[in-house]
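Undergrad: Letter by letter, the chains look like this.
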Amino acid sequence: MTSKNVRVKIGEMKTNAGLIKNLELSVGKVITDNWDEPMGPTPMPHISTLRDWDFRLLNKYKPFYMPDCDLCCLCTYGKCDLTAGKRGACGLNIADQSSRIVLIACCIGATTHNAHARHVVDHLIEVYGRKFPLNVGGLNVKVEAPVTRLITGVKPDTLGDLDDILSYTESQLTHCLSAAHTGQEANNLDFESKAFHAGRMDQIGMEIADLCQISTLGFPKADPEAPLIQMGIGTVDTKKPVIMCIGHNVVPSVGIIDYMKEHKLDDKMEVVGLCCTAIDNTRYYERAKIVGPISWELRFIRGGFADVTVLDEQCVRTDCNIEAERVKSPVIAASEKNCLGYKDRTNDPVDQIVEDLATYKVPGVLILDPEKVGEVAVRVAQRVAPVRKKMSSLPELDQIKELAKKCRHCNLCQRSCPQDLSIEPAVRAAAEGDYSKLADLYEACIGCGRCEEACPVKLEIHSFILKVGEKKMIEEKNFCRSGRGAVQDTEIRSVGGPLVLGEIPGIVALVGCANYPNGGKDVYDIAREFALRRYIVVTSGCSAMSAGSYKNEDGKTLYEEFPGGFEAGGVLNVGSCVSNPHIAGAAIKVASIFAKRNLRGNYEEIADYIHNRVGAVGLAWGAYSQKAASIAAGFWSLGVPVLVGPHGTKYRRMLLGRSDKPENWEVLDARTGETVNVGPAPEHLFQSVETPQEAMVQIAKLCLRPNDTWKGRMGKLTHYIDLHKRHYGVMPPDIHQFVRTPADIPITMKDEITAVLKEHNWKESIIPDPTMIPRLVRKAKE
Amino acid sequence: MSCEPWQCAEIAATKKANPIQKPEIVVAMIKKASRPLLIVGSNVITRQLEGKPVIDFIIDLANASKVQVLATAHIVGEFVKRGYQPAGFMTAMDIGNRIVDPTWMGLDGKGHPDLVMFVGLPYYMESLLLSGLKHFAPDLKTMTLDNTYHPHASWSFPNAGSDVWASNLKVITSKFSEGGN
Ligand code: SF4
Ligand code: SF4
Ligand code: SF4
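Quick note, the sequences are listed as chains A and B, same order. Numbers 74 to 855, taken from my numbering, label the letters of the first sequence in order. Numbers 62 to 242, taken from my numbering, label the letters of the second sequence in order.
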């Protein structure tokens with residue numbers, strides 16, 4: 074499309090009123106002033122603009138629905154029973170309903186990140202002004218916002234530009250969510266396409282949130298040597314006053330850290346974090362400590378370690394305040410999205426708030442001014458720390474023994490435990506003074522507390538597990554690398570070729586939350602396996618913490634053992650949840666910097682490039698949230714496969730390829746326009762796997778791409794076959810689908826594989842210049 | 062015998078599994094089916110009955126009944142090293158996705174299964190798969206051989222202890238061993 078079309082488009086948009094008009098004007102400014110790349114066909118796509126592309130993917134990877142609920146109760150016509158094809162009073166069937174729930178989840182996730190970005194951008198504009206320049210890596214990162222540039226066609230330069238772009242994502246998300254109203258969208262694939270769109274908006278929102286905080290707050294800027302941060306409860310000096318921040322938004326923590334520094338208290342206090350706030354705190358302040366992922370919230374609070382608990386937004390247990398009150402840890406709610414029913418004290422004098430909290434006149438307050446949060450948190454922590462004497466709500470062992478005798482052996486605890494843990498036998502043994510079975514539960518327990526809610530005699534089972542695991546808990550001392558942010562353009566230049574040719578076998582991104590089926594060690598094991606195999610291993614969020622929470626035989630954590638660069642065998646933590654677009658951004662930059670494809674407003678072509686050439690796979694082993702759903706959706710629409718652990722089945726919809734249907738695996742050869750069958754590479758777009766062994770094998774397989782050179786394919790197949798034989802004990806059954814020419818066959822396995830090929834009447838095929846988009850076939854032009 | 066879902070919140074609406082009151086029902090169902098398929102998940106390695114992993118009981122049952130076995134996750138090797146060759150292996154999602162396709166011709170290409178049994182997947186995962194089949198393969202009969210009640214199946218054992226589970230699996234096996242197939 075020519076720039077003429079763009080002008081028309083902008084002109085049309087100008088006819089709208091209000092905010093939209095401002096947005097379009099600003100877009101015009103950026104377009105004319107700052108970026109000379111020609112505009113692609115889909116700048117600022119609307120909810121249906123990329124529908125064709127989404128449908129291409131959705132027809133290749135069809136949804137497989139596993140409804141988590143047979144009913145719909147979203148309007149007063151209902152409840153409607155949608156079992157087995159019945160339609161509801163509005164005409165909706167269960168496939169539509171399941172995809173509608175996917176859309177709603179993605180909208181919740183995407184609006185959460187966008188609202189987070191909105192809050193941070195507005196706040197930072199207030200502090201630094203609209204004209205404050207963006208800088209995520211100086212000269213090393215010229216493509217500062219690859220996702221935003223790709224989707225919107227806009228190159229943001231200043232904080233003010235981010236404000237404008239957010240107006241676009243906000244309007245799109247309103248459209249996306251509105252499609253979920255009764256009697257709006259009626260087709261499951263269209264719901265799915267809109268979920269993809271929400272995912273695209275999510276990626277922009279996250280990118281903006283990270284871009285502005287990296288630019289203004291002195292976070293590491295695309296730094297492969299971002300500092301190693303102390304992590305684990307054992308690293309916290311509990312003799313000092315301890316302030317614990319939980320959530321995702323760094324702004325209140327900045328207030329706390331600034332106040333501490335200004336008053337030279339940084340030696341005298343501890344600021345610790347749980348969930349993504351923890352990671353972002355360390356990007357701002359190296360001495361901040363990471364306690365652990367979301368599932369550690371109850372552990373840390375009940376352990377009594379926190380003198381003051383500061384809650385911001387997202388993934389904060391909604392009973393954190395109740396738990397904190399039990400251990401007399403005053404609570405400060407610091408986000409207007411999470412007010413917890415507390416009185417708004419934002420405009421009250423600090424002295425008065427401090428007095429009220431420190432004397433326990435009130436258990437908690439709402440303060441929406443980050444600077445005030447900082448002063449209040451620090452002063453209250455100093456006041457209460459000596460009197461609290463680390464009050465713990467954990468029972469003593471002899472108390473556990475006595476309490477356990479009350480057990481009625483009803484098994485409701487296990488039946489309520491999402492991990493299906495054998496709790497009753499552990500409680501039974503504890504009643505006899507044997508705590509070993511309770512201790513065995515520590516690693517797999519995700520700290521949800523559901524067992525306690527179910528127990529008819531109100532045994533605090535989770536506290537029992539914590540007490541018995543206390544020694545282990547206190548000994549947790551590890552390292553996490555602070556979030557480095559973006560991948561440098563120079564790094565992309567060095568790895569772009571080997572990645573696209575398949576010589577670096579892939580990028581494995583371990584992202585997302587901590588709803589693991591059996592503890593965080595799986596994340597470590599998987600990350601280490603692929604780092605040793607010289608894949609590029611990227612981490613973020615809670616997975617970044619879990620990856621750093623275990624040590625090798627030399628006592629080194631993953632981040633000490635492997636370099637932090639975007640390179641073969643590197644393990645790099647990009648940062649918190651909102652840093653995930655750096656991973657998508659790296660793939661996009663491979664297309665734009667290495668392959669010199671135009672980026673601007675050119676979504677389909679770049680996604681097609683990534684899908685067919687860049688062997689990237691996301692693993693969200695413990696994904697639990699709606700944000701994880703929208704993050705995944707952003708990757709799906711780019712054609713990047715995502716795996717989730719077994720709990721991920723509860724997202725109720727997979728996007729699966731059918732390796733047994735050859736017609737699903739045809740691409741066009743961009744050189745000739747001919748159709749070429751490239752086999753199931755990659756086989757799936759979204760899949761849940763059952764065991765870590767299965768995850769490893771699937772990851773290796775999902776890194777295969779049609780564009781792999783024979784040398785690249787040979788390397789990738791070596792890893793796939795090797796892992797398969799190790800974990801499954803047998804040869805993979807589908808090698809014949811991935812060997813295109815004899816040169817693809819790993820030399821050391823030649824005889825074995827040749828036998829398999831013979832068995833399947835294998836025929837040689839060509840390695841095309843693959844594309845799924847007919848207009849990208851060059852022949853017509855030549 | 063309790064017929065509540067094993068995981069308390071895993072409730073179904075209007076179509077709930079018939080309880081299998083005695084193991085002979087399983088035997089009759091398998092015999093009646095022309096193309097039964099047994100999907101076996103990773104918990105058969107980690108769960109023990111009478112001091113042996115559940116997989117040992119499943120292999121006995123499969124040998125006696127001659128049902129086709131599909132192994133999910135990474136456990137195919139566990140079968141092979143015990144001298145049993147399953148008819149196939151793939152991820153749990155892949156097999157679910159094939160079953161809801163009425164044109165899928167089964168692991169051997171000879172026809173779509175008419176009875177699909179499950180055992181040993183994580184409860185919640187098995188539950189969701191069964192839900193997928195209940196909704197999208199409504200004419201298919203599904204059954205679980207676990208000791209946990211799965212409301213989304215067509216037939217399920219009620220919740221029971223390990224001893225009852227072991228005994229049920231052994232009775233099913235013995236009925237096939239005695240009576241031929
Ligand atoms: S939205 Fe439709 S299916 Fe849901 S309750 Fe209302 S009428 Fe029933
Ligand atoms: S707190 Fe732990 S043991 Fe209790 S239900 Fe949750 S995961 Fe299970
Ligand atoms: S729910 Fe409570 S009473 Fe029942 S078995 Fe578990 S610990 Fe015992």
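Just so you know, the hints here were simulated from the structure itself, not pulled from any lab data. Honestly, I wouldn't trust all of these hints.
[Stated by the list, open to error] Here are the simulated SDA-like cross-link-like pairs (lysine to any residue), alpha carbons at most 25 Å apart as the crow flies:
| # | chain 1 | residue 1 | chain 2 | residue 2 |
| --- | --- | --- | --- | --- |
| 1 | A | Lys798 | B | Ala148 |
| 2 | A | Lys341 | A | Asp429 |
| 3 | A | Lys723 | B | Ala74 |
| 4 | B | Lys171 | A | Ser732 |
| 5 | A | Lys152 | B | Glu65 |
| 6 | B | Lys202 | A | Lys798 |
| 7 | B | Lys113 | A | Asp493 |
| 8 | A | Lys831 | B | Met166 |
[To be verified] Derived, one-sided and incomplete: chain B residues facing chain A with beta-carbon distance under 7 Å:
| # | residue |
| --- | --- |
| 9 | Cys64 |
| 10 | Ala73 |
| 11 | Thr75 |
| 12 | Asn79 |
| 13 | Gln82 |
| 14 | Pro84 |
| 15 | Thr107 |
| 16 | Ala134 |
| 17 | Val137 |
| 18 | Met186 |
| 19 | His196 |
All C-beta atoms in this analysis are idealised placements derived from N, C-alpha and C, irrespective of residue type, glycine included.
Undergrad: With reference to the structure, classify each hint as holding or not holding.
TA: Hints and how they fare:
1. A:Lys798 / B:Ala148: holds (18 Å)
2. A:Lys341 / A:Asp429: Since the Cα atoms of Lys341 of chain A and Asp429 of chain A sit roughly 23 Å apart, the hinted pair holds (cutoff 25 Å).
3. A:Lys723 / B:Ala74: holds (17 Å)
4. B:Lys171 / A:Ser732: Holds. Lys171 of chain B to Ser732 of chain A sits at ~18 Å (cutoff 25 Å).
5. A:Lys152 / B:Glu65: holds (22 Å)
6. B:Lys202 / A:Lys798: violated (34 Å)
7. B:Lys113 / A:Asp493: Holds. Lys113 of chain B to Asp493 of chain A sits at ~20 Å (cutoff 25 Å).
8. A:Lys831 / B:Met166: At roughly 23 Å apart (the allowed maximum being 25 Å), Met166 of chain B and Lys831 of chain A satisfy the hint.
9. Cys64: Violated, about 13 Å.
10. Ala73: OK, holds: Ala73 of chain B within 7 Å of chain A, min 6 Å.
11. Thr75: holds (5 Å)
12. Asn79: violated (15 Å)
13. Gln82: Because about 21 Å separates Gln82 of chain B from the closest Cβ in chain A, which is outside the 7 Å limit, the hint is violated.
14. Pro84: violated (22 Å)
15. Thr107: violated (10 Å)
16. Ala134: Hint holds; Ala134 of chain B Cβ to chain A Cβ min 4 Å, cut 7 Å.
17. Val137: Status holds, d = 5 Å.
18. Met186: holds (5 Å)
19. His196: At about 5 Å, which falls below the 7 Å cut-off, the nearest Cβ of chain A leaves the hint on His196 of chain B intact, so it holds.
Hint violations for this structure: numbers 6, 9, 12, 13, 14 and 15, all remaining hints satisfied.
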